[in-house]
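Trainee: Spelled out, the chains give:
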Amino acid sequence: MTTTLPAALRAPFSSGGASAIDAQLANRLLGLALDAGGDYADIYFEFRVSADYALEEEQVRTLGRGITLGLGVRVTKGDATGYAYCEDLAWEKMAHAAKTAGQIAVGGGHPPVQIPALKNIPTPSFYPVGTPSLIVPAQDKLALLRAADKAARAFDPRIVKVEASFAESIKEVLLFTSDGRMASDVQPLMRFGVRAVAEEGGKRQSGSGGGGGRYGMDYFADATRDAAAHGREAARVAVAMLDARDAPAGEMPVVLAPGDSGILLHEAVGHGLEADFNRKETSNYTGQLGKEVASKLCTVVDDGTIMNSRGAINVDDEGYAGQSNTLIENGVLVGYMHDRLSAKHFGIKPTGNGRRESFRSMPLPRMTNTSLLGGKDNPDDIIKSVKRGIYAKRFSGGQVNISNGDFVFSLSESYLIEDGKLTAPLKGVNLIGNGPDVLRRVDMLGSDFELSDGIWTCGKDGQSVPVNVGTPTVRLSSITVGGTQA
Amino acid sequence: MKAQAGTTTGAQVTERTVKELCDLAQLAVELAKRAGADDAEVLVRDGSELTTKVRLGEPELVQEAGSRALGLRVLRGGKRAVTYTSDLRREALEALCAETVTLAELAEADEYALPPDPKLLATRIPELDLYDPAVAEVDAAWALKQAIAGEAAARKSDARVTNSEGATWSRVLGATAFATSGGFVGGYRGSYASLVVEPLCDDTTDPTNPKKRNGYWYTASRFLADLEAAEAVGIEATRRTVATLGSRKVETQECAIVFDPEVSRSIVGTIFSVANGSSFWRKSSYLVGKEGELVASALVTIVDDPLVPRAPGSRPFDGDGLPTRKNSVVDKGVLAPVLCDVYSARKLGRASTGSAGRGIGGNPGPTTSNLIMEAGSVTRQELLKQTGRGLYVTSLMGFGFNPITGDFSRGAQGFWIEGGELTFPVSEVTIAANFDEILKRIDLVANDLELRSSTCAPTFRVSHMTLAGTSK
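Top to bottom, those sequences are chains A and B.
With this note's numbering applied, the first sequence corresponds to residues 1 to 486, in that order.
With this note's numbering applied, the second sequence corresponds to residues 487 to 958, in that order.
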């Protein structure tokens, strides 16, 4: 971020703050953490200010605000981790956390390791923000909610209910490591969401719209994603789904719409390529490096450097700069996503994927912005090629079992394809498959790559982090569709 | 099971801590009133955790920490704002109160957002025996030993276990205090300990597509003495994991679906998601207007009981400061008046059922405490025998439920039932039907109810659903 923030939004531990933490103090804490014989330690300071606004029944119902401050101390000894945190910058509290985390090394320790002089690592700037939304008056954000509500209701008289919400935060982090690195970052994040309910003849259906990312208020300047556009999109889906009919059940071709469909990729292959699972040999992709794991059409990239994207990171939560990593190239597995522990295990450089939900959690290999890159086919031709199948347009979520690769994801908007044309909207559709298997079934790839508007949050081991996904139009030769019409 | 003698860890939550938190909550209420709030409600939580994880016999993680946070809700003429902080110094609280009052000014007045009638507030906090000092006495070394024992038993009990996702022994200790400007103040402490073991197998049944198969089993309780032995947990985890080797799809068809208790409880949880005051006033449930009507088979009876001593979901007062009570949710298939907090009850023109839950940074809303489906009369074996053929479901995946229409389609894993017995493992299929049909088609309920978690149910059978798998 480039804007100067007011004092209330700056971390007390940053330079010039009320309890500024400098390299000298951090060095002493790292020394305490390693005193019992650990190999490595890091200290992660976090300050987060968040706010949220919600409109329901045409009224602004609740405004909320929260402040979180704390630090986490991690000490590793081989593959073992000691972790402790506190919510107080008083020396005794921080020292206690450092010593507690260091206990992991008790008994098997060696003389304390030397900590080199801490040096700032240079960080790029993938989310320059003109005006962070948190410093804009709340009224301006309430106006956005009202605009979305109005647009959704104006879209169609069958819209009977609209809910709109806006959530924003600024997270400032400061990290010190015992191998001499120092990194800091200020991470803005916002998300706008609208849900509309349509009713006709006793039938009710809902639709949602929304987006966001590491933006300021400038996000809404683009008319394709202003508040009214999200309101209309929610209304459009709700109204379209009123005519939805029962979905077929069984195996058939499925065409994935560009953008949001990346959630399939995220669930089906992304998690299995996080290196902790491969270090422990618990993933289906264990030992598959250099092997063909997908159709030759598939190139999959995890890219933390996409400007303003929800999953972008200047620096990961272990002090490594965000970067772009190719995972699958023309169908061949070429790399995993790493944190420090797994990179060390595989003897390679960290990939900038070590992320944590907050100072209360240890970092894990996590995705950032994960995409299946575009191909050569005309998207219309892809739909035309299907005699009978499903067109998957919007998704409400997904889940994967990392070990066996089985995944499920739920469609919130989908259509039947009959003789190459989209016909009836479908309700209650789930797609179920196996990650490695489904990527082998990609047989057409559109030239229309799109990144999803930023709405996705990924959960793993109880930790949530913001991510983004992207795909072009994709044809899967066959996948199991979980409808009711056997 | 017992912690080593003499290992006090200083983690104990005392009655004095509870009293301190109550005082802090009352102070914040007072400060908010002074800052201009008509009414204020303050929730304070103090908690500590110990998590130890081992993998392949070696410690992988030891995490220990404590935290304290305060959540404030200000009401001002129907306008409301919610804030939270972990900075509990008096000057910080004063600033928070002032900011919250200012924030509330920006909201629009909601005539239903008023504090509960003070006459309804709980005046007596029942003792529910939710805290076990023995849990607090466990130290990291002892916890690691338990995890190691659980994992070792899992790996030793079957040679087909080739790897492990580890075993985790963890405990949470905490105190909660709540105070309101209406005059309520109350607090309690709680403990919770658990052990989870996760073995892994290599499945080479299909040599062209080798897979890893994972599984888990757990024990959890507020009381250390109520935890099952680590070895038994490990052996059961392995039994469940090994059984999934060779899982395959089955043909798309209509068939009987039997839900294992680990899954039937999630179905019961789904019933609550469409049978509560919040989903009702929002009309975001297909059950709206059906109270007093038959919404499930007459074999279905569900209660929500917050007053079960020692139970994981018990609470002595609710998130509005009202006394808690046992409520019927479904009685012999008939939908009871839905569970409400004060706000949703007002929106629906009725009284709260004392079912409010509240988090640090949010508005209260109806939540379950111990949600329990009553057991039936047949044994699980008898239920399977009567079923003949169908799918026995041990886990569900995905989020395929639309509360407004009741459309339900989720990924399923389990075993094929043939000749009244579990035969081969099944995966990569979905099961679908409208939820209304699912509940009405429950035609057999087993007698194997166990209170293992805050939502629990026995094994039951749904006469038929659509199973989507391979094409015929």
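None of these hints come from the bench; they were simulated from the model.
Don't be surprised by glycine CBs; every beta carbon is placed ideally from N, CA and C.
Treat each hint with caution, since some may be false.
Ranges between beta-carbon positions, derived for each pair [what the hints assert, rightly or not]: (1) Leu-793(B) with Asp-22(A): 32 to 38 Å; (2) Arg-146(A) with Ala-584(B): 44 to 50 Å; (3) Glu-544(B) with Gly-290(A): 25 to 31 Å; (4) Ala-711(B) with Val-106(A): 25 to 31 Å; (5) Val-332(A) with Phe-910(B): 29 to 35 Å; (6) Ser-478(A) with Thr-588(B): 57 to 63 Å; (7) Gly-905(B) with Lys-387(A): 54 to 60 Å; (8) Glu-740(B) with Gly-201(A): 24 to 30 Å; (9) Ala-23(A) with Glu-544(B): 29 to 35 Å; (10) Lys-642(B) with Val-332(A): 36 to 42 Å; (11) Glu-923(B) with Ser-478(A): 41 to 47 Å.
Simulated crosslink set (DSSO-like; lysine-lysine; CA at most 27 Å straight-line) [claimed, not checked]: (12) Lys-150(A) with Lys-833(B); (13) Lys-769(B) with Lys-519(B); (14) Lys-926(B) with Lys-387(A); (15) Lys-818(B) with Lys-776(B); (16) Lys-833(B) with Lys-203(A); (17) Lys-93(A) with Lys-505(B); (18) Lys-203(A) with Lys-505(B); (19) Lys-833(B) with Lys-99(A); (20) Lys-161(A) with Lys-735(B).
Trainee: Each hint needs a verdict: does it hold in this structure or not?
Mentor: Hints, one by one, checked against the model:
no.	hint	result
1	Leu-793(B) with Asp-22(A): 32 to 38 Å	54 Å, violated
2	Arg-146(A) with Ala-584(B): 44 to 50 Å	26 Å, violated
3	Glu-544(B) with Gly-290(A): 25 to 31 Å	29 Å, holds
4	Ala-711(B) with Val-106(A): 25 to 31 Å	29 Å, holds
5	Val-332(A) with Phe-910(B): 29 to 35 Å	34 Å, holds
6	Ser-478(A) with Thr-588(B): 57 to 63 Å	58 Å, holds
7	Gly-905(B) with Lys-387(A): 54 to 60 Å	39 Å, violated
8	Glu-740(B) with Gly-201(A): 24 to 30 Å	28 Å, holds
9	Ala-23(A) with Glu-544(B): 29 to 35 Å	34 Å, holds
10	Lys-642(B) with Val-332(A): 36 to 42 Å	39 Å, holds
11	Glu-923(B) with Ser-478(A): 41 to 47 Å	28 Å, violated
12	Lys-150(A) with Lys-833(B)	23 Å, holds
13	Lys-769(B) with Lys-519(B)	35 Å, violated
14	Lys-926(B) with Lys-387(A)	37 Å, violated
15	Lys-818(B) with Lys-776(B)	14 Å, holds
16	Lys-833(B) with Lys-203(A)	23 Å, holds
17	Lys-93(A) with Lys-505(B)	23 Å, holds
18	Lys-203(A) with Lys-505(B)	52 Å, violated
19	Lys-833(B) with Lys-99(A)	52 Å, violated
20	Lys-161(A) with Lys-735(B)	41 Å, violated
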